[in-house]
Structure formats: C-alpha cells, structure tokens
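> Generate the whole structure from the sequences, applying the supplied hints.
For the sequence shown, this note's numbering begins at 3 and goes up steadily by one.
Don't take every hint at face value.
[Unchecked claim] Pair by pair, the computed Cβ-Cβ distance ranges are:
{"hint": "1", "residue 1": "96", "residue 2": "179", "range": "50 to 60 Å"}
{"hint": "2", "residue 1": "213", "residue 2": "168", "range": "16 to 26 Å"}
{"hint": "3", "residue 1": "211", "residue 2": "164", "range": "37 to 47 Å"}
[What the hints assert, rightly or not] Computed cross-link-like contacts, EDC-like style, restricted to lysine to aspartate or glutamate with a CA-CA straight-line distance of at most 16 Å:
{"hint": "4", "residue 1": "211", "residue 2": "180"}
{"hint": "5", "residue 1": "193", "residue 2": "215"}
{"hint": "6", "residue 1": "69", "residue 2": "104"}
{"hint": "7", "residue 1": "84", "residue 2": "70"}
{"hint": "8", "residue 1": "100", "residue 2": "143"}
{"hint": "9", "residue 1": "189", "residue 2": "215"}
{"hint": "10", "residue 1": "91", "residue 2": "76"}
{"hint": "11", "residue 1": "211", "residue 2": "222"}
Since the hints were made in silico from the structure, they are not lab data. Note that CB positions come from ideal geometry on N, CA and C, so glycine has one too.
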Amino acid sequence: MRIAQDRQPPRSHAMTRRTWRDSVRRIVTLVLVGVPMSARASLAVIALALCAAGAAAQAPAPSDAAKEMVGAWEISNAARDKTCPVTFKLEPAVGGFKLDLDEGCGTAFPSLKDVAIWMMGPNDAVRLLNSKGMVVLDFMEVESHMYEAERKGEGLFFMRTQAAIKAATVTPEQVFGEWTLLKEFEKPLCKLTLSSTAAGGENYKVMVKPGCDASVADIELSTWRLDSDGLLLTGRGGSWRFSESDATTWERVPASSDPLVLMRQE
3 MRIAQDRQPP RSHAMTRRTW RDSVRRIVTL VLVGVPMSAR ASLAVIALAL
53 CAAGAAAQAP APSDAAKEMV GAWEISNAAR DKTCPVTFKL EPAVGGFKLD
103 LDEGCGTAFP SLKDVAIWMM GPNDAVRLLN SKGMVVLDFM EVESHMYEAE
153 RKGEGLFFMR TQAAIKAATV TPEQVFGEWT LLKEFEKPLC KLTLSSTAAG
203 GENYKVMVKP GCDASVADIE LSTWRLDSDG LLLTGRGGSW RFSESDATTW
253 ERVPASSDPL VLMRQE
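Right under this line is the structure:
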C-alpha cells in the first residue's frame with residue numbers, strides 16, 4: 003500500500019490539450035497574416051474545428067477498470083465515524099476525469115477539500131488529485147469493490163460503493179437477542195439482552211444480567227440503537243459505540259490496545 007503525500011503523478015509524454023490548442027493558435031495566426039478580412043472568418047471556423055478534433059484526440063478512451071468505477075462511492079476512516087460520499091464520472095477533465103464530492107467531505111477530511119479529479123493509476127489503482135494535479139489519495143483494491151489508502155499523518159482511508167454499504171446495512175431484527183461483553187475476546191465482563199422493546203425513537207431497551215463486572219455495571223446501560231456509524235449502547239454513565247466485525251461480533255470503536263467486544267451468545 004502506498005502512502006499519499008500530495009505528490010505529482012507521472013507526466014505523459016503525449017502532447018497536452020493546452021499545448022495542442024496553443025500550437026493551433028500559433029499556426030492560425032501565421033496563416034492569417036496577409037489574408038483578406040473576407041476569408042478570415044472561414045479560416046477561423048476551420049481552426050476551431052481543428053482545436054475540437056485535437057482535444058478529442060487527446061482524451062484517452064477510459065479503460066474497463068475506469069468504467070467499473072463510475073457511480074456512487076463512499077470514503078471513510080477505519081471507524082467509519084467520518085464519511086465522504088463521492089460520485090465518479092467519465093467526463094474528461096485536465097489530467098483525468100471529473101467527480102462530485104459531497105459538501106461535507108472537506109469538513110470530515112480536510113485533505114479532500116481541494117480534490118478536483120480522479121484517474122486510474124498502475125495496477126488499477128484509483129487516484130484522487132487536487133486542483134494542482136497532486137495525488138491526495140492513492141487507493142488500491144484489497145477486496146472486491148473495497149479499496150484502501152493511507153495518508154501520512156491521517157491513517158487509513160477506505161472506499162466502497164454506496165450500494166454495497168446499503169446491502170450490508172444491519173437491521174435491528176438481526177441484533178435482537180443475547181450478547182456477551184468481553185475484554186480482549188477472552189475475558190467475559192457481562193451478559194446482556196438487546197431486546198426488541200422500544201425505548202423511544204430508534205432506541206430499544208437493554209437488559210443487563212446480574213454479575214456484571216464493575217467496569218460495565220457502572221455505566222448502567224439502558225438502551226441500544228443502530229445508526230449509520232454502527233451500534234450504540236447508552237447508559238447513565240455514558241455510551242459505547244461498536245463497529246461490526248461480522249454477523250456475531252462487534253468491536254468497540256475507536257480501536258484500542260485493550261479492545262472491548264460484543265459477541266452473540268450461541
């Protein structure tokens with residue numbers, strides 16, 4: 003995995019659109035010297051056609067990998083408590099293709115504030131570039147339609163399609179039941195029931211079983227709910243947020259060296 007540090011992507015040896023247009027302008031200027039005014043309009047039309055043809059010739063055909071990227075995606079951090087919806091397009095732009103970033107992206111990730119275009123890199127990497135043509139994030143596919151990038155000083159970034167996120171969304175019905183809170187996967191701290199009893203809004207009641215460790219009992223957990231950022235347990239003493247690891251395991255976020263795990267009882 004490559005760490006992005008606002009670097010300039012390799013320049014193409016091919017003539018750029020700007021260079022092509024400048025060359026055409028110089029040629030037309032030379033040709034028009036001494037040409038009667040009545041003929042200049044026709045020559046100007048021809049020059050414009052040449053510019054358009056040249057620009058079209060300079061726009062590379064998108065690869066199959068680029069075509070697969072078209073659509074709605076989401077960029078997030080590891081905990082997914084910060085997200086950035088992005089839509090990739092195949093509309094040509096200088097140095098790559100156009101994209102649309104959600105208005106809140108710059109707030110969630112300041113480094114994305116100036117992202118202007120995207121392009122495919124070596125080994126089908128997906129690169130996000132700023133207005134100066136510098137690489138801000140360099141995503142590599144780590145699973146099918148799951149991309150990962152690292153930025154120095156900011157940690158890991160993840161990217162996957164919004165459709166995949168929606169399909170993977172957990173419903174309350176999938177969470178109802180008996181669970182155990184464990185420390186470091188091995189030390190049971192407390193057994194509890196994430197019940198189906200409504201507790202106002204999107205909240206449901208938590209029933210804590212007797213014999214819980216003081217670290218859990220002191221929180222006095224009373225409700226739970228699901229939201230876009232995971233599962234939230236709330237009590238009089240505070241709240242704990244968990245991110246799904248798999249269908250039976252949730253880990254408290256942000257991650258720490260002393261993990262707290264919520265595991266379904268078999």
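> Take the hints in turn and mark each one as holding or not.
A quick look at each hint next to the structure:
no.	hint	result
1	96 - 179: 50 to 60 Å	55 Å, holds
2	213 - 168: 16 to 26 Å	39 Å, violated
3	211 - 164: 37 to 47 Å	38 Å, holds
4	211 - 180	10 Å, holds
5	193 - 215	10 Å, holds
6	69 - 104	21 Å, violated
7	84 - 70	25 Å, violated
8	100 - 143	20 Å, violated
9	189 - 215	10 Å, holds
10	91 - 76	14 Å, holds
11	211 - 222	11 Å, holds
Of the numbered hints listed earlier, those contradicted by the structure are 2, 6, 7 and 8.
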